[in-house]
Amino acid sequence: MPSSKSEHDTSYEVVIGIEVHTQLATRSKMFCRCAVDTDAEPNTRVCPICLGLPGVLPQTNDAAITLGIKAALALGCEVNLESRWARKHYFSPDLPKGYQITQYDYPLAEHGELELPGLGKKIRIRRVHLEEDAGKLTHGSKETLVDFNRCGVPLAEIVSEPDIRSVEEADAYLKELRLILKALGVSDAEMERGHFRCEPNISVRPVGQKELGVRSEIKNLNSFKAVREGIERAMADQIAWLEQGREIVQTTYLWDEKARELRPMRVKETSADYRYFPEPDLPPLIVKETEIEEIKKGFTRASVTVSQGTTVTGSHRFILPAEKRKEWLDKGLKKQYVEILVTEPEWERYFMQLLNKEVSIKEASTWLLNEARGVMAERKETLSQFKVPVKEMTTLIGLLRDGKLTRPGAKELLAAMAGQGKGARELMEEMDLGAVSDEGLLQEAAKKVLAQNPDVCQKYRKGKTGVIGFLVGQCMSQMRGKADPNAVRRTLEKLL
Amino acid sequence: MNGLPTIAELAFALDQGDAKAVEVIAEIRKNIETHESDVNAYVNLYQNEATAQAKEADAGEYPAGKTPDLTGIPIAIKDNICVRGWPCTCASRILNGFLSPYDATVVKRLKAAGAIIVGKTNLDEFAMGASSETSACGPVKNPLDMERVPGGSSGGSAAAVAYGGAVAALGSDTGGSVRQPAAFCGLVGFRPSYGRISRYGLVAFASSLDQVGPITQTVEDAAILYSVIAGPDPDDSTTYPQEPEEMDLTGQIPRGTKVGVMKECFTDLQDRRIADAVMRPFADAGIELVEVSLPLVRLSVAAYHLLAMSEVSSNLARYDGIRYGRRVEKLGLKDTYFTSRGQGFGDEVKRRILIGTFGLSEGYIDAYYNTALRYRAALATQYEAAFEKADFLLSPTAPTTAFKLGERTNDPLAMYLSDVFTAPAALAALPCISIPAKDTVDGLPAGIQLTAPRWKDSQLLEFAHAVEQI
Ligand SMILES: [Zn+2]
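Line by line, the protein sequences are chains P and E.
Number 496 marks the last residue of the first sequence (the working numbering); no jumps.
Number 470 marks the last residue of the second sequence (the working numbering); no jumps.
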């Protein structure tokens with residue numbers, strides 16, 4: 001959807017840039033040694049530093065810096081060997097120092113890009129910088145409570161250039177970005193928990209116009225759905241205002257999740273002057289080239305090492321989603337299966353475990369990504385609720401491979417295993433699903449079918465060999481599906 | 001002078017068994033009883049704790065020869081440096097009721113060395129002033145002349161040592177707050193290189209300028225305190241990673257030592273008697289003097305205040321009455337902020353917050369804050385050039401001797417100009433010491449200020465010690 005058409009027949013183009021604040025997956029906070037644990041009892045993960053008591057000074061957390069660099073490298077940014085800390089001032093009860101320590105003129109990294117999967121388009125990344133989070137306010141009817149546990153939690157802010165031209169692109173950008181951050185262990189990136197906060201800025205302009213329109217910014221978007229709706233809303237509003245000839249004022253909106261509406265929060269005239277200035281309590285952030293190289297070594301290219309039986313989630317090996325995608329496609333996996341493996345780590349883990357047990361990619365994709373996924377969908381289960389462990393799934397696939405089980409039998413067995421949580425062999429016997437491989441029984445059934453269908457036999461002998469399918473089907477139903485169709489076919493051919 | 005031994009003397013006497021810590025504490029107690037109600041040097045006293053600690057020290061062993069050791073030595077701490085479990089008022093109403101849950105690094109180191117902390121000393125509110133008159137706890141008086149100010153902002157620390165309320169004290173120096181009160185009270189005040197002493201636990205005034213420094217009776221005592229509290233600190237990322245160099249206080253001036261006489265400071269000095277008093281020991285000892293010119297020194301007060309006030313507007317934003325200190329509850333957040341801060345801060349602090357906020361505002365930051373930053377870099381370059389010609393630089397510590405109480409309280413500009421000779425070294429992050437001149441001016445002490453290249457703290461102390469002996 002590159003443009004939207006109005007009733008006046010003017011085509012509009014939307015221009016979107018997105019700021020993402022992602023919570024870095026460190027154990028301790030950005031500038032003190034408090035644990036990061038935002039679920040703990042309020043105000044139990046605090047110290048003089050993150051409470052901003054008189055006289056305290058910040059100390060940077062190396063782990064957070066490393067994660068920031070990792071994210072920046074994954075986004076193809078140039079990491080600045082010297083970046084600086086700055087103070088951003090505003091008054092709020094959840095901001096103990098009256099300023100946030102962030103990076104301003106000299107960010108950690110700049111000039112990256114992210115390719116939108118499937119769309120082939122690249123979105124430029126303007127900058128990646130580090131900062132600390134604020135506390136959390138809970139508004140009651142009479143009073144407001146402050147929890148400082150989140151205060152000082154490390155964040156990376158990732159700012160795109162205004163290269164995004166549609167809701168679909170925005171959606172793809174955010175999903176891919178989140179995937180990268182998760183894949184690298186940079187962030188848990190759980191949106192509903194506020195680990196991945198998206199703040200798009202949106203403007204529209206008539207197609208062909210060079211200058212950008214006036215921006216609307218949206219905060220408090222806590223799901224991909226909200227992001228899409230929010231952007232659509234802002235676009236629609238702006239187009240309507242342009243149509244009406246109204247002047248658009250730069251405004252920051254809050255997304256009202258319940259009403260699914262945009263609520264104006266701040267217009268530009270009254271926007272805050274943050275009085276940024278260099279943080280005197282911290283020296284410049286110096287990153288050594290060797291450190292960057294060391295982190296780069298952690299990025300592994302093409303190492304879905306099926307043959308050696310190692311998993312992809314090694315201790316310090318990271319594969320970017322784009323590389324992983326290519327890797328699987330090259331191995332002949334279907335696109336829709338690749339997407340499952342790239343976007344759903346728990347499925348990837350299960351899949352890799354199957355491969356480690358000498359199950360082929362083809363078998364694993366058929367029985368896990370297709371059949372088992374179907375069973376789970378029917379049962380409305382997630383993978384973690386699925387009652388078939390890797391070992392039993394391997395057994396089931398093995399039974400099928402060895403002809404002990406027919407395809408229909410295997411399907412029936414899988415559904416039963418998912419329901420009862422019993423072992424494959426045990427249940428197969430219990431349900432009497434074992435494939436009949438006894439030559440005598442096969443012969444007996446085949447002879448019976450041939451005798452019942454002399455006319456079909458006639459056709460076959462006259463050269464219409466295609467009719468054998470019908471005979472195989474008859475045999476299969478005779479044997480209640482428990483025979484290997486190939487074996488049946490061979491037996492029939494012999495007799496005919 | 002104050003009737004008390006110096007740190008060095010007391011440590012020796014305690015080692016020898018010629019003195020007892022309880023006796024010194026009793027002496028101090030007596031001095032406090034006599035002078036404190038008039039001088040107002042202390043915000044809070046902990047005499048019972050001090051006596052108990054002294055008894056404990058006397059009962060234990062004085063680890064002879066182990067330096068640096070301060071076992072049994074009574075020290076006063078400026079009340080903008082945090083001591084665990086005690087209030088830290090910064091002489092401001094806004095910190096009413098606040099108890100520090102932690103020790104500043106310097107306090108931790110003093111305690112570890114066995115020092116007895118006698119009390120927390122009075123200061124200009126949040127250390128903003130040059131006379132110790134802006135304190136919410138009332139002004140401090142100069143024990144040498146009760147009609148005069150002791151200087152500021154560490155006026156309480158200087159006054160306490162001057163009247164015998166402590167053997168030595170810690171102050172803090174942002175633009176001269178250790179050196180100038182030391183000069184006004186006839187004491188030694190040492191501001192080390194920025195980064196030598198941890199600022200962790202020193203309540204921030206202007207972070208890029210603040211340094212803790214000792215106020216003592218002798219240079220030797222300053223050196224002792226310095227060696228206890230200086231050195232890298234993981235809690236302060238701006239500390240210099242290397243330990244200070246060893247010192248050897250021989251009292252000898254190395255041959256060929258050249259002292260640069262800071263031309264602009266002496267030219268601008270109105271009172272020639274101060275110049276004479278400052279110059280005399282160097283002439284007497286025949287030390288080689290060279291004239292050095294640092295024209296930028298003349299702009300230092302303007303630049304210093306722009307930078308310091310900008311940082312003040314940021315550093316003091318945390319005092320909002322939400323988490324600690326004084327809250328004036330009003331309907332709504334904004335009114336609570338306004339009233340808590342409005343009533344909590346004194347006029348001088350408010351003036352600096354307002355000017356600093358303006359100096360950092362969009363559209364003004366280049367004209368003010370950034371210009372001052374550029375000035376700061378240029379000044380450092382002029383110092384470097386001066387140190388090509390001389391080993392140490394000489395100036396008076398202040399343009400006047402102690403002035404009268406109330407004389408400058410209604411003239412902020414005159415008050416700011418008290419920093420004219422002390423601000424430059426602070427801006428250039430250089431080590432700088434004030435020692436009393438032997439000659440007084442109308443009976444009041446004048447300070448000799450010596451500045452050294454950055455990180456040459458030990459050499460500066462050695463030299464100042466030698467000059468002190470002249
Ligand atoms: Zn903390």
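Read the hints as simulated data drawn from the structure, not as lab findings.
Do not rely on the hints blindly, as some may be mistaken.
Below, simulated EDC-like cross-link-like pairs (lysine to aspartate or glutamate); rule was C-alpha separation at most 16 Å, straight line [said to hold, decoys possible]:
| hint | chain 1 | residue 1 | chain 2 | residue 2 |
| --- | --- | --- | --- | --- |
| 1 | P | Lys326 | P | Glu346 |
| 2 | E | Lys330 | P | Glu113 |
| 3 | P | Lys142 | E | Asp18 |
| 4 | P | Lys175 | P | Glu378 |
| 5 | P | Lys464 | P | Asp432 |
| 6 | P | Lys335 | P | Glu323 |
| 7 | P | Lys459 | P | Asp432 |
| 8 | E | Lys334 | P | Asp94 |
| 9 | E | Lys334 | P | Asp62 |
| 10 | E | Lys258 | E | Glu362 |
| 11 | P | Lys121 | P | Asp62 |
| 12 | P | Lys411 | P | Glu378 |
| 13 | E | Lys404 | E | Glu362 |
| 14 | P | Lys88 | E | Asp442 |
| 15 | P | Lys288 | P | Asp432 |
Across the chosen pairs, the derived CB separations fall in these ranges [unchecked claim]:
| hint | chain 1 | residue 1 | chain 2 | residue 2 | range |
| --- | --- | --- | --- | --- | --- |
| 16 | P | Ala35 | E | Met146 | 38 to 46 Å |
| 17 | P | Leu383 | E | Pro234 | 43 to 51 Å |
| 18 | E | Val328 | P | Lys210 | 51 to 59 Å |
| 19 | P | Ala63 | E | Thr371 | 33 to 41 Å |
| 20 | E | Asp248 | P | Pro283 | 57 to 65 Å |
| 21 | P | Lys175 | E | Leu299 | 19 to 27 Å |
Negatives, chain P to chain E, calculated, CB over 10 Å [stated by the list, open to error]:
| hint | residue |
| --- | --- |
| 22 | Thr38 |
| 23 | Leu57 |
| 24 | His89 |
| 25 | Val249 |
| 26 | Arg275 |
| 27 | Asn453 |
We put the beta carbon where it would ideally sit given N, CA and C, even for glycine.
Here is how each hint holds up against the structure:
1. About 19 Å separates the Cα atoms of Lys326/P and Glu346/P, which puts this hinted pair outside 16 Å; it is violated.
2. Note on Lys330/E and Glu113/P: the hinted pairing is violated, with a Cα-Cα distance of about 50 Å set against a maximum of 16 Å.
3. Between Lys142/P and Asp18/E the CA atoms are separated by roughly 66 Å; this puts the pair beyond 16 Å, and the hint is violated.
4. Of the supplied pair hints, the one linking Lys175/P and Glu378/P is violated, its CA atoms being roughly 26 Å apart against a limit of 16 Å.
5. Under the criterion of a C-alpha separation no larger than 16 Å, the hint pairing Lys464/P with Asp432/P is inconsistent with the structure, at around 35 Å.
6. Proposed proximity of Lys335/P and Glu323/P is supported: the alpha carbons are some 14 Å apart, at most 16 Å.
7. Of the supplied pair hints, the one linking Lys459/P and Asp432/P is violated, its CA atoms being roughly 35 Å apart against a limit of 16 Å.
8. Between Lys334/E and Asp94/P, the direct Cα distance comes to roughly 14 Å. Compliance with the 16 Å bound is thereby established for this hinted pair.
9. This hinted pair does not check out: Lys334/E and Asp62/P have alpha carbons roughly 37 Å apart, beyond 16 Å.
10. The straight-line distance between the Cα atoms of Lys258/E and Glu362/E is roughly 46 Å, outside the 16 Å bound, and the hint therefore fails.
11. Among the hinted pairs, Lys121/P with Asp62/P is inconsistent with the structure: their alpha-carbon atoms are about 34 Å apart, more than 16 Å.
12. For the given pair, Lys411/P sits about 13 Å from Glu378/P by alpha-carbon distance, which is consistent with the 16 Å threshold.
13. A C-alpha spacing of about 40 Å is found between Lys404/E and Glu362/E, which places the hinted pair above 16 Å, so the restraint is violated.
14. At roughly 50 Å between alpha-carbon atoms, Lys88/P and Asp442/E are farther apart than 16 Å, so this suggested pair is violated.
15. Among the hinted pairs, Lys288/P with Asp432/P is inconsistent with the structure: their alpha-carbon atoms are about 66 Å apart, more than 16 Å.
16. Taking 38 to 46 Å as the suggested C-beta distance range, the pair Ala35/P and Met146/E does not conform, at roughly 54 Å.
17. Remark: the range hint 43 to 51 Å for Leu383/P to Pro234/E is upheld by a beta-carbon distance near 45 Å.
18. Between Val328/E and Lys210/P the Cβ separation comes to about 54 Å, which falls inside the hinted range of 51 to 59 Å.
19. A hinted range of 33 to 41 Å for the beta carbons of Ala63/P and Thr371/E is consistent with their spacing of about 38 Å.
20. At roughly 31 Å, the beta carbons of Asp248/E and Pro283/P sit outside the given window of 57 to 65 Å.
21. Taking the beta carbon of each, Lys175/P and Leu299/E are about 56 Å apart, not inside 19 to 27 Å as hinted.
22. Here Thr38/P stays apart from chain E, with its beta-carbon at least about 19 Å from theirs, past the 10 Å limit.
23. Residue placement check: Leu57/P does not keep its beta carbon more than 10 Å from all beta carbons of chain E (closest about 5 Å).
24. Here His89/P does not stay apart from chain E, with its beta-carbon only about 6 Å from theirs, under the 10 Å limit.
25. No Cβ of chain E approaches the Cβ of Val249/P within 10 Å, the least distance being about 19 Å, so the stated non-interface status holds.
26. Interface exclusion of Arg275/P from chain E breaks down, the closest Cβ pair being 4 Å apart, not more than 10 Å.
27. No beta-carbon of chain E is positioned within 10 Å of the beta-carbon of Asn453/P; the least distance is around 89 Å.
The structure fails to meet hints 1, 2, 3, 4, 5, 7, 9, 10, 11, 13, 14, 15, 16, 20, 21, 23, 24, 26 from the earlier list, while all remaining hints are met.
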